[in-house]
Each structure stands twice: as C-alpha cells, then as structure tokens.
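Both chains are given apart, each in its own frame, so use the hints to dock them into the complex.
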Amino acid sequence: MTEEHGINQLKRRDFLRAGLVFGAGAAGLAAGYAAVPDAFARAVYAAKEQGITNDKILVMVQLAGGNDGLRTVVPLQDPKLHDYRPRLAAPSVAQALALSSDFGLNQNLAGVKKLYDQGRVAIVQGVGYPNPVFSHFESIRIWETGDPTRRSINGWLGQLAAKQYDTLGHPLTGCACGATDVPGALRDLQATMTVIQDPKNFGFTGGDPVESAVTALYKDTPGIYGALFDTAIATAKDTIATLKTASTKYQPMATYSDKAKLVYSSKNQLASALQLAAELIVSGTGVKLLHVTLGGFDTHYTELNRHDDLMGYFDQAVSAFFEDLDAHGMAGNVLLATWSEFGRRPKENASGGTDHGAASPVLLIGNPVQGGLYGGAPNLSDLDATGNLKYNVDFRSVYQEILASHLGADAKDVLGATFDRVPFIKSAVGVS
Amino acid sequence: MPWMAIESDARKLPTARRAGGAVTRRAVLGAAIAGGAGVAAARLLGLNPAAGTAPALGKRVSGGTDWISPLGNENARVMQLLRRATFGATPAELDKALSDGYQKTVDRLIETPAAKAPVFPGGDAASRGAPLKVVQLQKWWLDHMLSTPTPFAERMTMFWHGHFTSDYRKVGLQDPFVYWQNLTWRDNALGDFRSFLYQVTIDPGMLRYLDLGTSTGQAPNENYARELMELFTMGAGNFAEDDVRAAARALAGWREPRTAAMVMDAKQGNATPDTSKVGIFVPNRAYQGGPVTFLGKTGKFDTKAVLAQIVAQKATAPYVVQRVLINFALPNPPAATVSRLAAGFVKSGWSIRQLMHDVFLSDEFKAASSYRSLVKQPVELMVHALRALGARDQSAIALRAASGMGQNLFDPPDVGGWPLNESWISSNTVLARVNFATSLIAAVKSLPPATDAHVHNLDGVLSPATASLLNAASTDLDRWVLVLASPEFQLK
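Which chain is which? The protein sequence lines are A and B, in order. Counted from 1, the first sequence has number 314 at position 314 by the numbering used here; the numbering is strictly sequential. Counted from 1, the second sequence has number 1061 at position 61 by the numbering used here; the numbering is strictly sequential.
Same shape as in the complex, but just chain B (with noise of 0.2 angstroms):
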C-alpha cells in the first residue's frame, strides 16, 4: 500500500505555470498532492483522524514498511538536492530551483564559486589575552550558513570539518587556527583533493590536534600519520603498523606558525612573528636517516612525496568516494556504485566539484532506494528549520539546541568526527530534536502561513500519523511544530 503518492497526482497538472511559463513552486507542488486545499477542507469540516475518517492528505493507510519514494517527480527530486546539497531552501530559492528544473540547479550549486564567509572578528589576532569565544565562532559560521548565497559551499565545508577534523578544546582559542581552519577548507572545498590533502597536513590547526607540529624525525609523533591513512584516505585494514611508523618519520619536521600575538604571548619579544598562515618546515626537525619503505615503496619521502604515495593507493578513491556517498546519497553504497565514482573521482585529476556533480546526477542519487535513507545532522537539521521559517534572527536558538542533539560545532566527539544516520537516533537526540523544533515555533514572532509546510518541507510523503495529526492541527503554530518535529524532517 502506498503511504502517499504524489507522483501520480503530480502528473495530472500540466497547467500549473506563472505567465513567464515558469512553473510555480506553490502551484506544483500544493497541487501535486491536493494538499494545501485538502488540509484546509480536513480542517473545516473538523475531521478527527482518531475516529477513523481518512485524513484528506492522502489514503488512509495500517500498514508498510518503507516511503513511497517520489523521486519519479523531478520536483521531488530538486527538493531532494536542495535537502541534501544545501540545508534545505528558502522560499525563494525553492522557487527558483523549481523553476530550473534539476540539471540547472546541479551544475548552479557545483559551478557557483564559494561565497567568502565574512570577517570573524578578531579572529586573526586571537591571543591569550583576546581568545576566540567558541560560542561566537560557531554563531559566526551558522549565520553564514544562514546566509550565504552559496549554501552548497556551506554544506561541503561542513562535510569536510566532520572528514578532516578538529576541535577548539585541542586546537584552542588562543590563536587564530581553529578560524583559519575553518576558511581553509572552505577555500578548498570543492578543489583538487590532492592539493586538498596537503593544506590539511600542513594546516596549524591540524598541525596542533594531530600533533604534526611537534613531531620530529627521532622521536616521531604518529598521530597525524595514522589518522591521515585510517581516516582521511585509505581505512582501516589498507595499511599497516609499519607504514604508520614510516609515515611518522617522512612526515616530520613542521612547526606552526607563529602570528604577532603568539610571538607576545610567548614573551618572545625579539623573535619574528611568521606572515605564513600554515605550517614551516624546518629541516633539522625533520628524519634524517637512510631510506625508508611506505606502503610498498622504498626510497626518501618527503611530506608531498609520502600523500602522493597514499593517493597512488587503489584504497584511497573509494574511501573518499564512500565517505561522500554516505553522507550525501545512500547509507550503504554498493561497491559497484563507489567503485564506478571512485573511477571517474581520479580521472578528473580528484575533482571534488566533478565527484559531487557526478553524485547528483548518479542514477542511485534518484533511486527509490536512496529516498529519506540518510538522517539529517542536527547542524542541517536547524538551518534548514530556519531558512523554511524564514527566521535568520534566530540562530541562537539553534546554538543552544545543539549540545542535547549531539552536534556542536568545531567540537565533534572524536578524530572520527561526525556520527552518520542511525548514529544520529536515541532517546536523548530525538527528544532534544522534538524540542528544538518546539521552542523555535514559539520564539519565531511571525510564521509564515503553514498550508503548505508539509510540502514544501516533506514533499507531502507523510506517514499516516502524521497525515492525520496534520489534519485535526488548527493553527499555522501546530502545524509547524508538528512538520518540523516530524520524523519525515529528520530525514533527507
């Protein structure tokens, strides 16, 4: 039994277009499911779902076992990129989206370059006295992700602060890195993942949580080489204990660098603050014996040589390609499915914007199979709250919000950064969800209508609890809360 199927409704609407012929967002998708005016006729004619009418948003159903995917709809299936490339959409940028239909949407968000997140201030001159306030740092970055015209690049910086991780309590706020970090994987987002991997490696804030920084040819610190190969690369299980220790020696020799108020700091008056923003090598820091053997190969390494090495390994594509797939397309990929993007990722050069482009346009991007298969981050979770709500203003709410849903920013649990999908479910997070979704309904001062909530937010696939807890909801406020606290907007 279908739960609700838009798809066939959708296709019955061949009229719905503004005088430009462009589609309208309202007139498609309200339509598409005989929603807006379905709700509002359950809500007239007083409708009691626990009595056993059929709820007019969709077919009264008792049973199933999965969503009736309607990624058949090209609406859907723009609304599906927006959810998952972009924080959910705006109003506007729903409609315009809609209106360009989804191979112009895609190759929008894959070519517009990154918006710059603006100035954090007092960010480049940190210092002990003046430090970064974490919590100002992470307003900062959810503004922006609020924002920005180029919420894709949002998103993909996001992606790779949870691959390429750190976090403010090792790193600290006495200096710039954590911030600098921050617009550095934003700049190399959607580059070459080759160069990529080396502004990680010699990046100061990296430098200080893996501990590269104070690594040295003699008495090597492994940390940063066995996260580079277990999770920035290659996995677990695709090297072994030696190559960490080779990696360990050919890796060392950096320090970070020191900025003016470092310099002060440290109460080195007369040494000279570094202009550089990333690591400085320094050659007698570095191993200083005979060749050594990495990964199969024996010779001189050097820091360039040791991740050509790693990218040269048949492993390191599909971990990446895996680690994409996962968050933005399907919880379990099939290997026919890494393997194939893995293939086209290193022969663009490891193009991360063909990589993206390449998912988005993947047939198991649009499969049935991959419909509301991942569970939304929290981060996306409230930013695309807001941005439906239109309620910009109201960031602190979500800042507050994020500690009971497990995700606060610049401060994943582990080098293992982010929790994934089912990881994201337990008692205490999806409470701490339903509250957020409560307590932003009832800070926002002025609600946008909620005829259409549902599906704009939830592409009127409803299950029928909540089908018909929409349809005995009287007020925009209930609905709201109940379409954001829905277990259809934890997904993506």
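Next up, chain A with everything else stripped away, as it sits in the complex (with noise of 0.2 angstroms):
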C-alpha cells in the first residue's frame, strides 16, 4: 500500500481542504459552541517546526460541570460559609484534612494529601477571569481556548502542538484518553490529536486487510469533511500501531479502579483513562499532552454526596496514577493539572446544590511542582454582583507556568502574551 508513508506526507492540497472547514467552523462557531468544530487536521510541516526537547508531560484533567472550589479547599474558619450554606457548609468545615488552620482538603482528598505532604501538590486559589461567563460552554471555552473575548477558536494545547511541537509522525503527540471526541484544548486544525476511548477496542475489526482497505478507502477524501475524515483513520492507523508497541512494555503497578458506582456522568472513567496516559507515558510513546474529564461536577442538586463521591473518585484515580509512575521511575517529568469551567455560588439553592459560580482552586500535582498553597483565598465577604467569589489569580498566570515553567514553551506564542508567573514550577525549565 502506498499509505505507509501517507499520514505524515499530506500535500498542499489537503490543508487547503483542511482550510475548508476551518472556514466552516469559523462561522459555525459565531452561530453557538455546540457548532465549534472538531477541527483537527494533520497538517502540512512548515519551517517552523522549533521541537521542544525536553521530556516534560502534561495531564490536564478536566472536572466537567463547574467544581465547586469551596467544597474543594476549604475555608475551615469563615461564618460566612455557614450562613450562606445552612446545609453544605457543617459537614465538609467538620471533616476536612487540614492544610493550614485555616483550609483544608476535602475529607476524600485522603491520596491528594498525602502527595500534599511530600510537597508534590500546589494549589492555586481564587483562579477565574475577568467577567465572569455563568454558561457551561461559554466558560468551557474560554479554559480551552485561553481566551476570555471568545474569539479564538483553537484549543490552547491545541496551538502548542501546532505552533511548536513536531507531530510529523508522532499522532501521539497529544491524545485524550477515555473520550470519544476531540476535547477543545486539543483542538488545532494544523495539529493532529488522537482519541482513544479503550485501548482494548483500539483496532480495526477484521485486522490487517481490513485496515489496508479501510485506509485506501479514506484516501483523497472529497468535500469539507474530507480532510477530517482521511486524517481520523490515518491517526487511528498509526495509533494502533503505537498502541500495539507500548502494550508489551507496560504492566499497571497500580491499581485502577472504575468500579464505584459514579453515575452523575457518562464521562465517568477516570481510572482506566488515567491508566491509559500511564501506559502512553511509561511506554515511552513520547506523549507530551494528554486529556482526561471526569464529569457530574453540575452539582444543583444534593450536592453533599454528590461532590464528596467525586472527590473520593478523583483521588483514588489520582492516587493510583502516580503510585503507578512512581513505581516505574517515570513521575519526574510527569505534571497533571486540574481545570474546571468555574467555580459554585457559594449561597446553596433549595436542591441543597449550589448554581454556577466564577472562580475556584486549581491542583497542581507531580514531582515537578513546588508544593503549598498559592494564589489568594476567596474572600466571602467581598463577592462580586452576582453573589460569586472574586477571582485573584487569571487562568492564563497558571497556563503560563505550565507552558513556559514546566514545558519550556514560549508562551506568549500561545497565550498571545505573557502573564505573570505563579511560581508553583520548582526548577523552571529555561529559567535559572
């Protein structure tokens, strides 16, 4: 088959192709998020090609739904909390794993805490952006795509990968782990991500033949999708391929467990995510840039059992990840990152839940880190009009350590200029 090179060898033609859609995303996403494209393609290689060769990683793991920061990290000495939530506030206040006297960890934060105490987690308080966005998919947007305007439409690591990493043949790049689609902090028409739900179903039913017709098929693909297309099955092809290499060097040193009975979300996988980005990383794929989502953080309703299940599941997955790396030698390079699309009105609504909020707690975690808590507390007694927590600390100050600090990326190539550092990086890559 003449397709054994084809993936990394796209013409001229076939990013002008790409360019279509690009053109039909671009007004879909005026039209509303939910038409924003998946637009991923590989692309042609320019000269820009400016490798970074380092062996950082990044996990981003999103808490989808808005993360309510104040059950999080919690404010241990505020009456504030208690009046504005008669019924949320006693119990996580009562059991919460102190940090200092005055926060604590949700009491199922038990694995964080410990990875706390080994100064192997920072947390960043009162994260957000100015005028705060109470839409799901606003807001969703604004994280992903690094900016607040919403004008931007490719994904932050999306345009890292394009802007400065040299996917040429390596799909595996970035991958999200346990999803179907292309997470929009992935997303960049000139770099290609790879999806993969299970690795276990990662493959072509019917084998090799199917796969080489499968892949002629997909060839020079017609019309605006076409692009997308060709490229969906020339990354599956060669992920499988990956796949099939990294499976013989990776035994889980850890266990991952899905078991508990989490059924807010059907983004409910964390684990066996998690476990998959343990096997990409530990294989020696050279995976920079992975995603992973939990969701059911949308907590307006019985929040109190709600949130602390997701918490404990958070933390065992969390847990077992870096038990895992640490067992294979392989967590020094490793960060992963929580984000979340905003934060929870700090007054509980009469579903004993709490409505959208602005800002919130970000965790940083892994032997990169300078462990302790950074940012500023939410200040309950000074909250903006809309009764919600005012920020401290712009999203794009933690984007900006994890980019520059920790990959040694330029980030001001992304983030379209330089914020300033929260210096949660404990010996920045390029800073002396």
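These aren't lab readings, by the way, just hints derived from the structure by calculation. Owing to the predicted nature of the structure, the values given are computational and were not obtained by experimental measurement. One thing to keep in mind: the hints can contain errors.
[Unchecked claim] Here are the simulated distance ranges between beta carbons:
1. B:Ala1266 to A:Gly376: 44 to 52 angstroms
2. B:Ala1443 to A:Ser427: 50 to 58 angstroms
3. B:Lys1297 to A:Thr302: 31 to 39 angstroms
Even for Gly, the Cβ is constructed at its ideal location relative to N, Cα and C.
So, in structure tokens, the structure goes:
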C-alpha cells in the first residue's frame, strides 16, 4: 500500500481542503458553541519547527460541570460559609483534612493530601478571569482556548502542538484518553491529536486486510469533511501501531478502579483513562499532552454526597496514577493539572445544591511542583454583584507557568501575551 | 474535474419505466450512473484499479475539492431527503418515494401522523425494585426507528431528544420519567413549538434533569431557567444574568408527580399517588415576592408568562430554526436563510410541521452546497445501514457499537445534547464507525445483492478511492463493507 507513509505526507491540497473546514467552523463558532468544529487535522509541516526537546509531560484533568471550590479546598474559619450554606458547609468543614489553620482539603482527598505532604501538590486558589461567564459552554470555551474574549477557535494545547511541537509522524504527541471526541483544549487544525476511548477496542475489526482496505478508502476524500475523515483514519492506524508496541512494555503497578458507582455523568471512567495515560507515558511513546475528563460536577442538587463521591473518585484515580508512575520511576517529568469551567455559587439553593459560580482552585500535582498554597484565598465577605467569588489569579497565569516553566514552551506564542508567573514549578525549564 | 456526475447520465434515461408507468428504483438509479452493469463488467474484466486502469464506475480523476452535487436530479433529491429526514430508507420505501417524486414525498412525510411507539414493558410501573433497564430502553427505541411506518416522526423525536435534552443518569431509572419523556417528545415533535415548550418545562424527567422540580421561589435553583434560554430557545448572549435569576424565581413551584410505585418506594403508604404524568404546581413553593423584571418586562410572571415572554423575543425563532438547519440542511446556514424561515415559522403559529416543510422545500436544501454537508449521527448511520440491508433484527450490534461512536441513546454527553457534524469525527469515532460496518456485515446471514448498493446508498457519487475499491471487490460481502464503511456513507 502506498499509504505506508501517507500520514506524514499530506500535500498542500489537503491542507487547503482542511482550510475549507476551518472556514465553516469559524462561522459555525459565531453561531454558537455547539457548532464548534473538532477541527483537528494533520497539516503540512512548515518551516516553523522548533521542537521542544525535553521529556516534560502534561496531563490535564477536566472536572466537567463546574467544580465547587469551596468544597474542594475548604475555608475552615470563615463563619460566612455557614451563613451561605446552611446544609453544605458544616459537614465539609468538620471533616476537612487540614492544610493549614485556615484551609483543608475535602475529606475524600486523602491521597491528594498524602501527595501534598510529600510536597508534590500546589494549590492555586481563586483562579478565574475578568467578567465571569456562567454558561458551561461559553466558559469551557474560554478555558479551552485561553481567550476570555471568545474569539479564538483553537485550543491552547492544540495551538501549542501546532506551533511548537513536531507532530510529524507522532500522532501521539497529544491524546485524549477515555473520550470519543477531541476535547476543545486539544483542537487545532494544524495539529494531529488522537482520541482513544478504550485501548482494548482500538483496532480494526477484521484485522490487517480491513485496515489496508479502509486506509485506501479514506484517501483524498472530497468535501468539507474530507481531510478530517482521512486524518482520523490515518491517525487511528498510526495509533494502533504505537499501542501495539506500547502494551508490551507496560504492566500497571497500581490498582486502577472504575468500580465506583458513579453514574452522574457518562464521563466517569477517570481511572481507566489515567491508566491509559500512564501506559502511554511509561512505554515511551513520546506523548507530551494528555487530556482526561471526569464529569458530574454540575451539582445543582443534593450536592453533599455527590460532590464527596466525585472527590473520592478523583482521589483514587489520581493516587493510582502517581503510585503507578512512581513504581515505574516515571513520575519525574509528569505534571497533572485540574481545570473546571467555573466554581459554584457560595449560597446554596433549595435543592441542596449550588448554582454556577466563578473563581475556584486549580490543583497541580507531580514531582515538578513546588508544593504549597498559591494565589489568594477566596473572600466570602467580598462577593461580586452576582454573589460570586472574585478571582485573584488569571487562569492564563496558570497556563503561563505550565507552558513556560514546565514544558519550556513559548507561552506568549500560545497565549498571545505574557502573564504573571505563579511559581508552582520547582525548577523551571529555561529559567535560571 | 467532476467526481461522479450522475446528472448527465440520468437525463439520458427517459425509457426506464414500469408497466404501470411508475419509474422503478432499479431502472432509474441503476441506469442513472451506468453503475450496476459497469461494476459487473469491471469485475469480470478483473480490472485492478491500483494498476491505474480507469474504473468503470466513473471518470478517473486525480484531484478536486468537492463532491459534484447530483441534486439537479429529482431522484437524488428524494434520496437526500430520505437520508436526512428518515434515517435512510428500506428498498420498498425508496421505491415508493422515487415513484411519488419529491414534492409528494415531502407532503407525505410531513402530513402522516406519527405512529405510536409500542408500550415499553414495565415502563409505567418502574420502581426501585423494578427499574427501567437502560439497554432495553435503548433497544426499544432503536427497534421502533427500524420498524416504524413513520420514520420521519422518529427522526424528529431524536432531534428533540438532542435539543430538549435529558439523560438517564441524572433522571434515574427507578421511575418512568425517561420513558415518558420519549413519548411526550414524540407527541409534540411536529406540533406547536410554544405548547411543546410548556410540556418540556413541566415534563417530569426535565423537572428532575434541570432541577426545576426541587426549586422554590425562596431559594431558586437556576439550572432550568438558564438552559431554557441558553440552549432551548434563545442562545447565549441574548439574555442577562438578571434574566436568569428572574426566570428562576418566576418558574419555581413545580414538583414531580408520584406514581403508585414511587409512593411505595418512598414508604409513604398513606400518600395518594398522582394520576398526572406531568409536574404538579404547588403554590406555596412558588415565588411570593413583588413584581420581577424579565427580558425587559416588569410584572407578575408565572410559568406560562415566562415562556410567552421568551417566545416574544426576536432571538428565539431564529435560534430554533438554526438548530433545525444545522441538523437537517446546512452546517452553517446563512443569516438570510435563517431569518426567512424564522419569519415563516412565527407566521405559521410556531408550527414545527410547517417549518420542516419549508426547510425541505427550500432552495438551500437542494443547493449543491448542501450536498453531503452534514455528518450522520451514529444512530442515523446505524439505522440507515440496518434498513438498507433489511437487517432489522441486528439492533443489538448497533447498541454495542454506539458507545465507541459517542452516541448512546438517553445518555447525551452533557446538557448541550448531541455533538454535530465535525464533532462526530475523531480517530476513535471513525474507527468505531468502520468497525460497526465490518461487524454488521459479518453478522448478517443473507446479504442482499450489492450490485446497486453504491447507487441506492451513495447516490453513485463516489470518490476515486471508493470507486476503485468497489471495482476491485469481488464479493457482495466486500462490496457492502466498502459501501457502509465509506466516507460517503458517513455523510448526509
């Protein structure tokens, strides 16, 4: 088959054709978030190849739905919390795992607390952006693109891959684990990102003959989706080959369990997604950017148990991930960072839940981290006009530190400006 | 350079008629592209497309950026309509539609009342001890899509399932609400949008999914109020945070109805079950304060007044029309198209039936730029495949394949409903689509002849890659795999 090297040899025409999709997507974007394209496609490799030659890896964990920061990093001394939350405050304050006299972690984050005590967890409090938006989809888009003006289409990590990594022949530079679609943070027309829901099912039914036929079938496909389809199959094919090699080099050395009866969201396979992330890291696939999602954080009702369950589940999966990396001696270069579209309203509602809010904390976990509390504590006595927490740290400052200090990337190239450092990376790459 | 121009050939076929004068599917379409015979000839000749021999399916071309639209041909328009409005067609349905022609087929789809879904066994009596089984429920709906005499009604029900969305995870399976919602959406799918919106608001599944059923005027839950405006009617940017708060107050006061089984489950043996299958308004849970200002109007608002005020907004009809167009006609509808159709929608008294009629008869629907401009949702893809193969008994394969493609019925990824078009395309999903085709073909015991499969299912408009692989394929099995796994089949 002439497709042997096909994935690496997209022609200029393919690129232009991909441009058609891009055009449709841009207009679609104006029409509403749901129309945003998964516009990822392998592009021609231009001269702008500045490969970042280090072994740093980033794992983004999306807490989808809007994570309640006040039940994640709990203010222990603030009486206002009890005024705003007659049902939700007392149990979490009483059981919190103290980090200081003022703050504690949710009681189900025992594994994270252990990592914190080892100096491997940085918590940036009060992260948000100006003029908070309370729509899930709009705010997700802001976090994904790194653009509060909502003009950008490309994801911040997609842009990073397109502009600074050499993805040529490396479809696994970026991977969404445990998903079926490309997360917005990884989207970029000029970057190839793979998506693997379940590595066990990631292969062609019918084996090699089907693979050859399908590879030939998805070649020079016309139409506005042509390049996307062709790229999807070419990426799948290369990913299958990589996974074959990878799985022989990896045995999990921790127990990952998705048995938690977590039915609040279909995106509830966090442990197996992180296990796949560990497999890709441990087996040396060259992966740099990973994305996993845990859903169910839109706790408008009976939040007490639901949020505690989610915290516990997050804790188990993340603990297993680091235990596994430690056992493989591969934790040194891996940074895990959480993100969520917004926090939740300080005041609870009639349903025993909380509505959409604004600022909330970001957790950064891993050996590269200088542990501790960063940012500013949320002030419950100084809420904004919508009754929400004001932000102290722009989320792009967190991105800045991840990009520049951890990955050694050109952050301005991705974010469009330079933001203040939040110095949670211990020995910043290229910063002396 | 054209890809596969069926138009010019089609015009050469004045004689393909049945005894009764009706045009037959086989005659028109088969001959339309000189396809069936050509393919057979190619096979007999043992043409090897890899060697560069021109395939019999069409002109060999080496470049190009778009499909050549066959929509100048009425038969191609009919086939596009059936793809988009009815999950493809069985051979019998295709025959009938081709014989009726486009206009008559549109009228028939639009005017035929929706066939009732069969009763889901145990649905009404769902309880903690006997919960709904979600896989059975998914199969129930999929089987109905496969066998209903009114597939357009199912396609519309599915559209609303993605628009006014709910998922079984939050609504739960220990009561009939998820099942009832499906029945209610079907009953309203082609009705008056305004009364549908009221039914949505007081639907028990929706009361739970977006929490209106536990909200009170005193401590309102904003979930429904926000998504009602952002996702169901107006779109982001057309209302303010204060409107969300005002609506949340004004809408509060509903509770879910309780079936006999639910009363038993709650160990409230002395409580009376509700006979109602919709929400029940409890005045003392409602907002008791003074006038509220909502979308520019100050006064007393109850639920109906809130909905009326939303419907009165300029943004509402265009937003709904745009959602319809992105699902049924164009991925990126021009503003002029949206406002024209929106004006007709409002003028018709918000008749969804009239809107769909206008969409299907619009110039934009049959324009060349509309051709293959939409990506089939996984369920559309699977139902189309099963109907084309006459394999209605294979819904279990579709149910297993759905997850990898990203579409489990009753379980959309979030409150935004199902993804659209480009968002269905990733390495994982396209692989899963191809694997579905392979597994399905392997499972079907007696395949129909594949000779015309590319004509009936792909309009005979093929990429060079698809054409040459089909030419090279020597068995019905291989040809069906190629047709169903092809990029052409993913589009509508």
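So, against the hints stated earlier in the document, which numbers end up violated here? none
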